[in-house]
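Participant: Sequence:
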Amino acid sequence: MPETSDWQLIGQVPIDTGRLALVDPMNVDDVARHEEDPPGSMSYEVVTNDYGVGVAMLLATGLGDGVYPVEARFEEAEGSMRVAEVRVRFLPHPVIGYRLPR
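If you're matching positions, the sequence shown starts at 1 in our numbering and goes up one per residue.
No lab work stands behind these hints, which were simulated from the structure alone. For glycine and all other residues, C-beta sits at the position ideal for the given N, C-alpha and C. There's no promise every hint is true.
[Unchecked claim] Between beta-carbon pairs, the in silico distance windows are:
(1) Glu3 <-> Asp65: 32 to 42 angstroms
(2) Glu45 <-> Asp65: 33 to 43 angstroms
(3) Asp6 <-> Leu100: 27 to 37 angstroms
Start from the sequences, fold in the hints, and give me the full structure.
Facilitator: This is the structure in structure tokens:
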């Protein structure tokens, strides 16, 4: 069985739009051309290219903009430790918790 690690903090991602895009850098132009709808409380959508192929995923962040922690878990594969999973925790919000300021 391959060796695995616990979740480790590997950095933070700043969000100014209340949305995070998961995209291969080759397809970033498709995301930039995507008409942006205001993010909902539980919204996500697949961004498609000119051929209708899904090339990215847009995710609404729990309570909007902020700086969110990014964690990774590693597994041994082909003789070295590699990224197996990545997660970004949107809630609780790193500054305001679970409630928007009034």
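Participant: Does each hint fit the structure? Answer for all of them.
Facilitator: Okay, the hints, checked on the actual structure:
{"no.": "1", "hint": "Glu3 <-> Asp65: 32 to 42 angstroms", "result": "holds, 37 angstroms"}
{"no.": "2", "hint": "Glu45 <-> Asp65: 33 to 43 angstroms", "result": "violated, 19 angstroms"}
{"no.": "3", "hint": "Asp6 <-> Leu100: 27 to 37 angstroms", "result": "holds, 32 angstroms"}
Of the numbered hints listed earlier, the single one contradicted by the structure is hint 2.
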